[in-house]
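Peer 1: Sequence:
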Amino acid sequence: RRARARLGERTLLGREEEGEGPPGSPRGGARKPPFTPVLPPQVSKSVAPPVAPSPVPPHPGLAKRVKKSKQPPPVTKDLGRWKPADDLLLINAVLQTNDLTSVHLGVKFSCRFNLREIQERWYALLYDPVISKLACQAMRQLHPEAIAAIQSKVLFSKAEEQLLTKVGSSSQPTLDTFQDLLHKHPDVFYPARTAKALQLHWQLLKQYYLLDDQT
Numbered sequence: 007r008r009a010r011a012r013l014g015e016r017t018l019l020g021r022e023e024e025g026e027g028p029p030g031s032p033r034g035g036a037r038k039p040p041f042t043p044v045l046p047p048q049v050s051k052s053v054a055p056p057v058a059p060s061p062v063p064p065h066p067g068l069a070k071r072v073k074k075s076k077q078p079p080p081v082t083k084d085l086g087r088w089k090p091a092d093d094l095l096l097i098n099a100v101l102q103t104n105d106l107t108s109v110h111l112g113v114k115f116s117c118r119f120n121l122r123e124i125q126e127r128w129y130a131l132l133y134d135p136v137i138s139k140l141a142c143q144a145m146r147q148l149h150p151e152a153i154a155a156i157q158s159k160v161l162f163s164k165a166e167e168q169l170l171t172k173v174g175s176s177s178q179p180t181l182d183t184f185q186d187l188l189h190k191h192p193d194v195f196y197p198a199r200t201a202k203a204l205q206l207h208w209q210l211l212k213q214y215y216l217l218d219d220q221t
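All you need for the numbering used here is the position in the sequence shown, starting with 1, plus 6.
It should be emphasised that the hints constitute simulated quantities derived from the structure, not laboratory data.
In this text, a Cβ means the ideal position worked out from N, Cα and C, and glycines have one as well.
Incorrect hints may have been included.
List time: in silico DSS-like cross-link candidates among lysine-lysine, alpha-carbon distance up to 25 Å [what the hints assert, rightly or not]:
1) Lys159 <-> Lys114
2) Lys164 <-> Lys114
3) Lys114 <-> Lys202
4) Lys202 <-> Lys159
5) Lys202 <-> Lys212
6) Lys172 <-> Lys202
Just the calculated beta-carbon pair ranges, DEER-fashion [unchecked claim]:
7) Ser176 <-> Gln143: 47 to 55 Å
8) Lys190 <-> Arg87: 37 to 45 Å
9) Gln220 <-> Asp186: 16 to 24 Å
Build the full structure now, drawing on both the sequences and the hints.
Peer 2: Set out below in structure tokens:
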């Protein structure tokens, strides 16, 4: 009897290890899947979807800091007197004469700037990146007609005046005379110069007895 009982236990253990399970279980070792309850349609529709959490409003102190950071730097508050036309006129005049004193005496700006203000503005355009960038952006927005009017007011350089003083005071030059000067010396005269502009400046030199045959 003991031998039969041991034999029965071994047989039962062997079936469990092979996955057959105890007597009365399905054959082939397949176990029943875990129970997953299925809700009826009415219940599944009534379940509301999860609600996203509402955003936390920013701290009022942080909002004030952000607003303060958007304010323009203090350097841009002092740009009202110098117009884009003034900057363009200043740049062209300095390139022609290389003399800020001559620019101060000979150029008519929109405001009456003194020599120190002209010097400070010129150095700011050269060395201050903020002012230089803002000024360049404003000058690019000028109308082509405004640019042409500014270029017509550019001071004459010493080299240009030397060529004009060689025209005799008694020669009665015409527009063709000054047009020939423009064609012969394109590297000397400012690109926006016209024969009429040369004639007017020559007449001014003659009026003040600055021609070669008048000295």
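Peer 1: Each hint: holds or not?
Peer 2: Now the hints, each set against the structure:
{"no.": "1", "hint": "Lys159 <-> Lys114", "in the structure": "9 Å, holds"}
{"no.": "2", "hint": "Lys164 <-> Lys114", "in the structure": "19 Å, holds"}
{"no.": "3", "hint": "Lys114 <-> Lys202", "in the structure": "20 Å, holds"}
{"no.": "4", "hint": "Lys202 <-> Lys159", "in the structure": "13 Å, holds"}
{"no.": "5", "hint": "Lys202 <-> Lys212", "in the structure": "15 Å, holds"}
{"no.": "6", "hint": "Lys172 <-> Lys202", "in the structure": "17 Å, holds"}
{"no.": "7", "hint": "Ser176 <-> Gln143: 47 to 55 Å", "in the structure": "51 Å, holds"}
{"no.": "8", "hint": "Lys190 <-> Arg87: 37 to 45 Å", "in the structure": "41 Å, holds"}
{"no.": "9", "hint": "Gln220 <-> Asp186: 16 to 24 Å", "in the structure": "22 Å, holds"}
Of the numbered hints given earlier, the model fails none.
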